[in-house]
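Protein sequence lines, in the order shown, are assigned to chains H and Y.
Numbering of the first sequence is given in my numbering, commencing with residue 1 and proceeding in unit increments.
Numbering of the second sequence is given in my numbering, commencing with residue 1 and proceeding in unit increments.
Read the hints as simulated data drawn from the structure, not as lab findings.
Take the hints with a grain of salt, since some may be wrong.
[Unchecked claim] Pairwise CB distance ranges, derived in the manner of DEER restraints:
{"no.": "1", "chain 1": "Y", "residue 1": "Pro5", "chain 2": "H", "residue 2": "Asp56", "range": "20 to 30 Å"}
{"no.": "2", "chain 1": "H", "residue 1": "Asn63", "chain 2": "Y", "residue 2": "Gln299", "range": "21 to 31 Å"}
{"no.": "3", "chain 1": "Y", "residue 1": "Asp60", "chain 2": "H", "residue 2": "Glu41", "range": "45 to 55 Å"}
{"no.": "4", "chain 1": "Y", "residue 1": "Asp25", "chain 2": "H", "residue 2": "Pro347", "range": "26 to 36 Å"}
{"no.": "5", "chain 1": "Y", "residue 1": "Pro369", "chain 2": "H", "residue 2": "Ala64", "range": "23 to 33 Å"}
{"no.": "6", "chain 1": "Y", "residue 1": "Arg181", "chain 2": "H", "residue 2": "Ser462", "range": "55 to 65 Å"}
{"no.": "7", "chain 1": "H", "residue 1": "Glu232", "chain 2": "Y", "residue 2": "Asp60", "range": "54 to 64 Å"}
{"no.": "8", "chain 1": "H", "residue 1": "Glu334", "chain 2": "Y", "residue 2": "Gly19", "range": "42 to 52 Å"}
{"no.": "9", "chain 1": "Y", "residue 1": "Arg181", "chain 2": "H", "residue 2": "Asp73", "range": "33 to 43 Å"}
{"no.": "10", "chain 1": "H", "residue 1": "Ile322", "chain 2": "Y", "residue 2": "Thr9", "range": "43 to 53 Å"}
{"no.": "11", "chain 1": "Y", "residue 1": "Gly19", "chain 2": "H", "residue 2": "Ile83", "range": "51 to 61 Å"}
{"no.": "12", "chain 1": "Y", "residue 1": "Asp60", "chain 2": "H", "residue 2": "Asn217", "range": "36 to 46 Å"}
{"no.": "13", "chain 1": "Y", "residue 1": "Asp393", "chain 2": "H", "residue 2": "Glu334", "range": "15 to 25 Å"}
{"no.": "14", "chain 1": "H", "residue 1": "Ala516", "chain 2": "Y", "residue 2": "Glu48", "range": "43 to 53 Å"}
[What the hints assert, rightly or not] Straight-line alpha carbon distances no greater than 30 Å define the calculated BS3-like cross-link-like pairs of lysine-lysine that follow:
{"no.": "15", "chain 1": "H", "residue 1": "Lys405", "chain 2": "H", "residue 2": "Lys219"}
{"no.": "16", "chain 1": "H", "residue 1": "Lys193", "chain 2": "Y", "residue 2": "Lys179"}
{"no.": "17", "chain 1": "H", "residue 1": "Lys267", "chain 2": "H", "residue 2": "Lys154"}
{"no.": "18", "chain 1": "H", "residue 1": "Lys154", "chain 2": "Y", "residue 2": "Lys41"}
{"no.": "19", "chain 1": "H", "residue 1": "Lys48", "chain 2": "Y", "residue 2": "Lys344"}
[To be verified] If we take Cβ atoms under 10 Å as the criterion, some of the chain H residues that face chain Y in the derived model are:
{"no.": "20", "residue": "Leu138"}
{"no.": "21", "residue": "Pro166"}
{"no.": "22", "residue": "Glu232"}
{"no.": "23", "residue": "Asp236"}
{"no.": "24", "residue": "Gly283"}
{"no.": "25", "residue": "Pro312"}
{"no.": "26", "residue": "Ser314"}
Note that beta-carbon positions come from the ideal geometry of N, C-alpha and C, so glycine has one too.
Residues per chain, in single letters:
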Amino acid sequence: MATETVTPSNTTASEAKGSPFVGERSKVSSHISQNEGLIFEKSSPGKKAYRLAPLDVPAVNANALLGKQAREDLGLLPEVSEIEIIRHFTRLSTWNYAIDLGMYPLGSCTMKYNPRVNEMVARLEGIADAHPYQPESLSQGAMRVMWMLQECLKEITGMEAITLQPAAGAHGEFTGILLVRAYHESRGNPRKKILIPDSAHGTNPATAAICGYQVQNLKSNSDGMIDLAELEHLVDEETAALMLTNPSTIGVFESEIHKIADVLHSKGALLYMDGANMNALVGKTRPGDFGVDVMHLNLHKTFSTPHGGGGPGSGPVACKKILEPFLPTPVLVETPANTLTFNYDRPQTIGRVRMFYGNYGMFVRALAYILANGPDGLRQTTEDAVLNANYLRSKLEDVYELPYKTATLHEVVFSDRRQARNGVKTGDIAKRLIDYGFHPYTTSFPMIVPGALMIEPTESESKEELDQFVDAMRQIARETEENPEIILHAPHATRVSRMDEVAAARKPVLRWKPNASVSEAAASSENPPLVPATAAKEY
Amino acid sequence: MRYLPKSPTDRATMLEQIGVGSIDDLFRSIPAEYRLTGDLKIPPQMGEQEIVSLFHAAADRNANGYASFLGAGAYRHYRPVVIDALVQRGEFLTSYTPYQAEISQGTLQAIFEFQTMICELTGMEIANASMYDGSTGAAESVMMAARVTRRSHMVVASTVHPEYREVLRTYAQHQGLSKQRVGYGPDGRIDMQALEAAITDKTACVLIQSPNFFGVIEDVAAIAELAHAKGALLIVSIAEALSLGIVRPPSEADIVSLEAQSFGVAISYGGPYCGVLACKEKFIRQMPGRLTGATVDQQGRRGFVLTLSTREQHIRREKATSNICTNQALVALMTCIYLTIYGKAGMRELAEQNLAKAHYAAQTLGATPGSKLLFANSPRFNEFVLDTTEAPDVLNARLLQQKMIGGLPLAHWYPELRNASLWCATEQNSRAQIDAAAAVLAGKEAPALVYV
């Protein structure tokens, strides 16, 4: 609970006197959460949470069979009972914020509702138990799901070919840029560089580098968009592709997208689209129609598969016909008999990017989502996502600085310029939002906006939830004027306060050991910290 | 649309607040010629019941109710129900990467416990919060070893999973990494003489798998000695993680790339699974992927944060150790819960059962007329290679008629093993199934399998 008391300027009935809030916290009340140690700290020999079926074959002597390869013991693995496991992980779970609890406005992350029917169908016997090497004749149902998803995604993107193999967005980028490279190589020159706007996700330059390309930065113009003159100046016969996020990371659609594509194509370069922001476009426009040659999708963003605390994701790559020969193997094909088969005989393939066929369980969920929506539902989803973001923009632009006035789609990016005058930065406002019952927005990204507050509400928020968010943001803006101290030490209402990240990085404690004290380890300092002062957070 | 929490009145009110007449006004920045005017050509909106029926129908067209002897990188182990009961809690399922530590302590502490258990199992000092899977994990390990040693040559055992090697080829091709492949000896283990000859002072790493693709356990200590003598790192890839319950951990390795699917992750037609990299602490700054560390809050209370992020793409961009961002967090949580359920005693007991089932299956199937167990005298875990006079495809067709899926034919990847197939027996295979398969191999009428 609150560690400091301040005089509220305007207390309401719902807040006790002495509350560190200028107004009402309508979304949350504090409540008890259970303490819980590490699972290892509950362990004691002889406790069990399992019982195996009796062995129906003769027992073996492991030492005799394995010789010096036999293991002696399993060290510190815990020994606990089933009820302790349920309580342990349930208690831990209550320490997390989640979409299921409320709005999660992380820009670029598309934290939308994860439908429960998706989880149910992914666990059906016959789907969850399907082995990747079982005969194709006994996998037609599993393959048909992939086929249907591929057809839907091709239609949604306006592309002509697709692979579902990449395991996440960055893995999709890797695959897409390898396709670009293979295409150029087939024409005699892999080319040397990839152009990347300064507003791009960090995965873009990291991807270009592992594909053996030099990264050339492209400065945005004063509207936060691609500077066409600069682009024309930089594109040459050694340019392999432009990696473009559209709408951009400030939520702006590149209105001159066809000219961008033309400039690239005139020099033989390709247009790669980072599909992170596809939730702004589905059912309203198609990248394949506006000149994109290859793109990835994030099934865990646009198509509702759960983020699960950081993964798993899935990053299908859709492309034009010219890139189809290079797709990873195997490629799913339909036979004249209407059965499906995997084709491994693809002489120009870039090779595999992952074993088997990809994060299959995510395909099932994404297809279930598409079917639940249909064409009208997908369009309405996109419209609501854009409506929500613009609603927030209109409700907050008088208190937070809007660095780019250009029309935006599914997200809005403010800057902390006004609040920073009182010493309050985007990261502080983000932490203070937690006290009001919201997950923070994305902080300090994109880098073209100093002190960015990047807000993506998605379509999953009701007007009531948005109004509560607006209320919280406006109260924080007032606090910035009246009591900035309270923000600088936020959050106050959480189980733990701000963590000592510098100590964590200086003397990393990455695993539990008996009798080791974290605070001692954290207090000692030998190495310089690895945390930059203004580290960009996740997006 | 039932997932959208808005009434027409809400939408109208919001448009009015924004100051536009219609929703299409908000899409004006998209040039008119690219705006869709009609519906996407995808199936119409379905109700929940229709969706469930559709996927039931798909599931029914798969190999439902078959006994299976497939392994080869995807292992059939029993999944305790507690796992799904816990990972389907919305606070785990629907949360993002735990960057906001104050409201992510649940995920962070669970990852810290996961990292600890992976270290205990593998004999390594640190472990990351997960990679996509075993195949990409192996490729990332090789690139990591190249950064650590500043060398660009790799030596790869031909007994590493063939699909892992294909992925490695895709990753390595633009990294300037050259490769030498080392074959296997008559015992199914890596050819030590050829290995010794292949490693030079230009070798960044030796990549092996153990148990290897034939199910044979390698002599990690001896291989490590050869690698280390030339200053190369040893990477041990482990596809069947349950083997660690009874097989000596590869402590002599420098990097262990584990596929943890065996720990309670549904086989799910090949994914999502859970790769994880573990290594010696001195390589920490070259480690790809997220790491969770313990620290304290402002009041000195223990807590956890993602740490050492300057290795990662969102800070370092093109100089990052990897482009990985989204990983397999929820799957890592599944494996963490699984390891907690079985724990120190259960992992051993379960691994022993696998050892016993596979030993029985190998002896029984290997004793059928025309069949021969290959690499019979080498230590194995739950997989073995069977050589048959009949072609495996023909044999498997007969097994399928009895609702059994036989071993994986190896000739596609190992032409010299023309009639060999890779079999796996786990705690999920009953003695009756093994005996029935043996009867089919022997050309006899198989006793009907009773599924209760």
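Hint check:
no.	hint	verdict
1	Pro5(Y) with Asp56(H): 20 to 30 Å	53 Å, violated
2	Asn63(H) with Gln299(Y): 21 to 31 Å	51 Å, violated
3	Asp60(Y) with Glu41(H): 45 to 55 Å	46 Å, holds
4	Asp25(Y) with Pro347(H): 26 to 36 Å	50 Å, violated
5	Pro369(Y) with Ala64(H): 23 to 33 Å	27 Å, holds
6	Arg181(Y) with Ser462(H): 55 to 65 Å	59 Å, holds
7	Glu232(H) with Asp60(Y): 54 to 64 Å	57 Å, holds
8	Glu334(H) with Gly19(Y): 42 to 52 Å	50 Å, holds
9	Arg181(Y) with Asp73(H): 33 to 43 Å	36 Å, holds
10	Ile322(H) with Thr9(Y): 43 to 53 Å	48 Å, holds
11	Gly19(Y) with Ile83(H): 51 to 61 Å	57 Å, holds
12	Asp60(Y) with Asn217(H): 36 to 46 Å	53 Å, violated
13	Asp393(Y) with Glu334(H): 15 to 25 Å	23 Å, holds
14	Ala516(H) with Glu48(Y): 43 to 53 Å	50 Å, holds
15	Lys405(H) with Lys219(H)	18 Å, holds
16	Lys193(H) with Lys179(Y)	26 Å, holds
17	Lys267(H) with Lys154(H)	26 Å, holds
18	Lys154(H) with Lys41(Y)	10 Å, holds
19	Lys48(H) with Lys344(Y)	9 Å, holds
20	Leu138	4 Å, holds
21	Pro166	9 Å, holds
22	Glu232	19 Å, violated
23	Asp236	20 Å, violated
24	Gly283	6 Å, holds
25	Pro312	4 Å, holds
26	Ser314	8 Å, holds
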